[in-house]
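Peer 1: Each chain is listed here by its residues.
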Amino acid sequence: MFDDTNAFQTALSLIMGFDPDLLAIVALSLRVSLSAVLIATLIGLPLGAALALWKFPGRGTLIVVLNAFMGLPPVVAGLTVYLLLSRAGPLGELGLLFTPTAMVIAQVILVLPIIAALTRQQIEELHGDYHEQLRSMGLSKRRMMPTLLWDARFGLMTVILAGFGRASAEVGAVMIVGGNIDGVTRVMTTAIVLETSKGDLPLALGLGIVLLGLVALVNAAAYLIGESARRRLG
Amino acid sequence: MNEMTRLAATAIPSLSLQGVGFAHRGQTLLHPVDLRLEGCRRILLMGPNGAGKSLLMRLAHGLLMPTQGQIRWDGRRPRQSMVFQRPVLLKRTALANLTYALAVNGVPRMRRKPLAREALERFGLAALEKRPARVLSGGEQQRLALARAWLTEPEMLFLDEPTSALDPAAIKAVEDAVLDFHARGTRILMSTHDLYQARRLADDVVFLCGGRVLEHSSATDFFTAPATPQAQAFIRGELVW
Numbered sequence: 001m002f003d004d005t006n007a008f009q010t011a012l013s014l015i016m017g018f019d020p021d022l023l024a025i026v027a028l029s030l031r032v033s034l035s036a037v038l039i040a041t042l043i044g045l046p047l048g049a050a051l052a053l054w055k056f057p058g059r060g061t062l063i064v065v066l067n068a069f070m071g072l073p074p075v076v077a078g079l080t081v082y083l084l085l086s087r088a089g090p091l092g093e094l095g096l097l098f099t100p101t102a103m104v105i106a107q108v109i110l111v112l113p114i115i116a117a118l119t120r121q122q123i124e125e126l127h128g129d130y131h132e133q134l135r136s137m138g139l140s141k142r143r144m145m146p147t148l149l150w151d152a153r154f155g156l157m158t159v160i161l162a163g164f165g166r167a168s169a170e171v172g173a174v175m176i177v178g179g180n181i182d183g184v185t186r187v188m189t190t191a192i193v194l195e196t197s198k199g200d201l202p203l204a205l206g207l208g209i210v211l212l213g214l215v216a217l218v219n220a221a222a223y224l225i226g227e228s229a230r231r232r233l234g
Numbered sequence: 001m002n003e004m005t006r007l008a009a010t011a012i013p014s015l016s017l018q019g020v021g022f023a024h025r026g027q028t029l030l031h032p033v034d035l036r037l038e039g040c041r042r043i044l045l046m047g048p049n050g051a052g053k054s055l056l057m058r059l060a061h062g063l064l065m066p067t068q069g070q071i072r073w074d075g076r077r078p079r080q081s082m083v084f085q086r087p088v089l090l091k092r093t094a095l096a097n098l099t100y101a102l103a104v105n106g107v108p109r110m111r112r113k114p115l116a117r118e119a120l121e122r123f124g125l126a127a128l129e130k131r132p133a134r135v136l137s138g139g140e141q142q143r144l145a146l147a148r149a150w151l152t153e154p155e156m157l158f159l160d161e162p163t164s165a166l167d168p169a170a171i172k173a174v175e176d177a178v179l180d181f182h183a184r185g186t187r188i189l190m191s192t193h194d195l196y197q198a199r200r201l202a203d204d205v206v207f208l209c210g211g212r213v214l215e216h217s218s219a220t221d222f223f224t225a226p227a228t229p230q231a232q233a234f235i236r237g238e239l240v241w
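Just so you know, the sequences run in chain order A and B. Letter by letter, the first sequence follows residues 1 to 234 of the UniProt record's numbering. Letter by letter, the second sequence follows residues 1 to 241 of the UniProt record's numbering.
The hints are simulated quantities; they were obtained by calculation from the structure and are not laboratory data. All the given hints hold, so there is nothing to weed out.
Capping the alpha-carbon separation at 27 Å, the derived lysine-lysine pairs in DSSO-like fashion look like this:
1. B:Lys130 - B:Lys172
2. B:Lys113 - A:Lys141
3. B:Lys91 - A:Lys141
4. B:Lys91 - B:Lys113
Given the structure is predicted, the values throughout are model-derived calculations rather than measurements.
With the rest of the complex left out, here is chain B (with noise of 0.2 Å):
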């Protein structure tokens, strides 16, 4: 099992953004960037809110057309998941959302039950099988669009500001999901402006501001040693927009 997720992990193609940018009536939302995302690393999407955080990532996952430049992937298009600010979850019990994504997948019928159950256990939500999925905490609702996610196997996975509504404790348990998904093998796209989160999570980051990609650094790097005067400002913490 280890060896073959190392393995798929080499495997997961690049993602080459090349002058990419999205304008809508006429205002620019996004200036043309050049993005090359490649590896099994956990990659944090940082920035002020409106910087085009989620923006980007949405054309990153393929929910948006870029309105200039080109989005590719080397060789093959990978398995990818998303996990909303908000999650979105169907009316329907926890486990059903979760045999639903199976289903979706084409997971024959006899197996989508165990593998939900599995995952449920895994994420903590055993309990909470029957629980209409709506009427769960925003933690819980977070952590069933993870176990959602999960059951996929993504080569890739994005995450947007995934726990920006969440205490502290639900904070941790996303947190130590995104590193289950990465241990796994997952490449890791996750939008925050939580600096702290930032350390804790990050390989590389990339720092957004104003609709342009700023830096695109290692985490240590942009940590010690930013390039702009707007990282620096929004690493002492100061407000940047």
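Same shape as in the complex, but just chain A (with noise of 0.2 Å):
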């Protein structure tokens, strides 16, 4: 039916041909996902920081939930935001159902578990090193938060991705909010199931390769920034 020089060819046309639509296509991709990776590493972060630090009761039913969050499907997660922004929903004044917008959102309630999570473990295994010498410092807790979020910079780097990885990948939560619309909410993932539907598998494989040469150049730089900044500062 098709062979696989096909698709690579087709990806590689896509690419080259710079076409304006998967231009559009890829920018709103990467916009959405980094978006949410944003929001979520914002809130993340902190939030993981917190629960390493703080000892209350309920924390550790806390870290289960947010540990099994880590494995929401995406449908799910789309599912709620859908009958959250939906006309007859608690939100649905806000007109946001199938703008990217809902879409962000979709997405940050799949990335903010995953971060929060890792960020809580590495930050709880770092103050086992740290918490006497900071202390002894006559740090806060509060206070010892940016301190150890910092100190643990390369291993939150690849939480981040990990994340990130999470955003750009899925599609059952883009789909159900964004609603697949040409031009306005139709990123890679929709378009490779659109197409893949369609029948035009060349086009939903190369679709498929530009996606992944995105993430892996994502990757890429997160790598070399890391790694200079490790050399660097051990």
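Put the two chains together into one complex; each comes in its own frame, and the hints tell you how they fit.
Peer 2: Spelled out as structure tokens, the structure:
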């Protein structure tokens, strides 16, 4: 029916052709996923660090729930946001359904547990090493937080990349809350699903290769930044 | 400067431990102890491994809360610093480790780097300023930890077996630093199980064995006429626990 060279040729011509439709899809994919990761990072890092530092009743339960949510199926997250944002839903007034904003919200829900749970684990480990020294210096837990987050930065970079991987790979959530509307909410993954269902497998696979390349690019950039910093600071 | 430090030295608040004990999961790790540490003295905590030296030090420094008894500073809490057996350094450059300590202590940004460089110089680390602290040798790391403590100008310095993992040259550097701290007017509380080190450094000795404080006396008294059979055996170099 089709052969691989065909898909690679399609991928190559998609990239080389600078097809404006494709560029728009790529740009939206990156915008949605990077925004979601940024927001989830801003919430997840302090949340994870706080969970690592403070002991309170129900902490264990919260950690288990957070860990479990790392495996939340994207369609379930999408459905939940869909219900919240739909016309009859509690947030229906905002008119966000089938917009990129809705897609960002859904992806934040998917990425946040990963970043918060893995941050908690990293910070708890580092706190084990540091806490006597920092307490000896007279630091309160609140003042320890930025220190620990900064000193865990190499590990946290990987945590954030794991979150980005989750966001860029998922299709279920953005499909449900975005609707895969051409030119408005169509992203790489939903386009791949569409082309596959239409039977244009070379195009679908071509899009897949482009997506893979993008993810590899982001990871390579993060790796290079991390490595150079690691070499300088141990 | 000297006049000032000497004045400050006389004013280091005394530390009183009254019936201080520590138990963990029903096991008594430190039996109730009464201890008073005062003046600008070099006090060496001695005893075999597991005697409770580190525990007593952490209680005195306030890192642990006693499960019984009271720890009191006369008047005010003095500035304190602690140097650990395995130095805990941040994953930053040597210089950044020092400026961090200054920032924590509220030293204005402009003054941090000059002060930190001065301390690096003083502890023979100037050439290593830009090195990541975690890749320094054991001796260099301990000197960096001492430089960090130096910058906070402690009135009382706690050192928990700071030389137990070091070679003779590095041990010498740490002991010299301890003497420098003391000369500047800092009370020293340092634990060791090295008899010779204690003889070199101690004004007073607190001897612990099996979670009990058995002796607290001047170094001369302790080394010439130890009161307890455990201390006598320890000084003879026999295995005590």
